[in-house]
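Engineer: The residues making up each chain are set out below.
Protein chains: 2
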Amino acid sequence: MRTYGQHCFIAKALDVVGDRWTLLIVRELLLQGPCRFTDLRNGLPGIATNLLSTRIKELEDAGLIYREAAPPPVATTLFHLTTDGRELEPVLEALGIWGVRYTTAQSPDEAFRAHWLGYPLRWFLHDNRPAAAVQTIQIVADDEPIVLTVDHGTITPRSGLTPHPDVTLVGGPDQILGLLTGMIDAKKAAAAGVAVTGDHRVLTRIRPTTLPPALAAAAATMSMP
Amino acid sequence: MRTYGQHCFIAKALDVVGDRWTLLIVRELLLQGPCRFTDLRNGLPGIATNLLSTRIKELEDAGLIYREAAPPPVATTLFHLTTDGRELEPVLEALGIWGVRYTTAQSPDEAFRAHWLGYPLRWFLHDNRPAAAVQTIQIVADDEPIVLTVDHGTITPRSGLTPHPDVTLVGGPDQILGLLTGMIDAKKAAAAGVAVTGDHRVLTRIRPTTLPPALAAAAATMSMP
DNA sequence: CCGTATCCGTGGAGATACTG
DNA sequence: CAGTATCTCCACGGATACGG
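Listed in order, the protein sequences are those of chains A and B. Following our numbering, the numbering of the first sequence begins with 1 at its first residue and continues without gaps. Following our numbering, the numbering of the second sequence begins with 1 at its first residue and continues without gaps.
These aren't lab readings, by the way, just hints derived from the structure by calculation. Any given hint could turn out to be false.
No distinction is drawn between identical chains; accordingly, a pair holds when it is met within one copy or between any pair of copies.
Unchecked claim - Here are the computed lysine to any residue pairs in the SDA-like style, where the Cα-Cα straight-line distance is at most 25 Å:
1) 57 - 191
2) 57 - 2
3) 57 - 21
4) 57 - 153
5) 188 - 134
6) 187 - 45
7) 188 - 45
8) 57 - 104
9) 187 - 90
10) 57 - 36
11) 57 - 19
12) 57 - 102
13) 57 - 101
14) 187 - 82
15) 187 - 60
16) 187 - 34
17) 187 - 3
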């Protein structure tokens, strides 16, 4: 492992997670929870399998992830974040918030996974009717579906489908982001190809918290096809 | 510039600042303020000049730093952070806080610059007598001296000397860190080679805020030679 | 199907010498 | 002082083949 050789907190951190792909592997495990090798590979389009293998080993040695030999229903090894690994969330959050300014409309040669968008929503949005009943939003973007659970002030994303969502959004990721952040209204979203079925009022329940100006701008432009 | 090609906030951020040395250049400009090429080189021991040159150009193109042709007293070009660049501070702060756990006693082959330690103090410490008069702490660690100004609740570091510090600390960086974080008392610090001259009570004025357990442990062990 | 190992082409990183 | 030029070498990316 190449190190900077500096007696500095930041350099030490980068010695551990500064290599290419490393933080993105942590991102996958943080956003998706425990993953199989193939899940990681799928969430990291472009990585070579040998490099993924190497990085996993390095992260294990550094104590950020560990391996679990999963019992029969899965019958494969699962990779988990350790506590040290999970504690990188503030770093990923700061990077994500800062990176919003470089996020433009999805380019055709860019890969996309719905959880890349879904999880960060909890850094940007909050539930402004915390006393109301739990509600769920089903999102179906390009690839896999995700569910947002709105409950007691916070928003929790997860992959998959929920049987009885209060509202379902189907459309492109940028347009759905524009709608969720309130940068475009339901009418414009419909014009941009977002199908909203169910109770529209859930959407007014979630509002940006510390929405960076850049996100507002990005969401607005991204939503216009 | 090699990109991940992912439509994801975090990946976008890493496309810009994920390359080797890039965040450390931002660190230098954030901690030291505007720098000459040589100042950067000195604050980044180990970097090759061509690589520093390349990274500076990339950061300029990305809009994170800009170049100023400084007038006669300096008579050289100064590199400044733009607003976008300065807004990386939360990222560096999160990295620094997380990186504390990997910080052990300074190894002889590790480079050290006092500002690497001094600036992050404002992330860990606060002034618990905000109503008191402004006080200054002169720190003389291995290399260049730094000054901490304690005023109205916050701690502001800068490089250089101050004419009449309330207290002066001379010693090794690890021992001074242990003393400032309260992990070792004045007696132990003296035994570890820290010379304290002036008003000791300034040191009880600054206290850890959200001191991560790791920092406590690190400071304690680092201070024992 | 899961994960590891190997080979190879390219480009970035590092060290050093050198110049406006 | 502020870089540029040159060279070497390893890391990365891609493909593929192999063992569990």
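Engineer: Quick check: which numbered hints come out false for this structure?
Structural biologist: Hints 1, 4, 5, 6, 7, 9, 14, 15, 16, 17 contradicted; others consistent.
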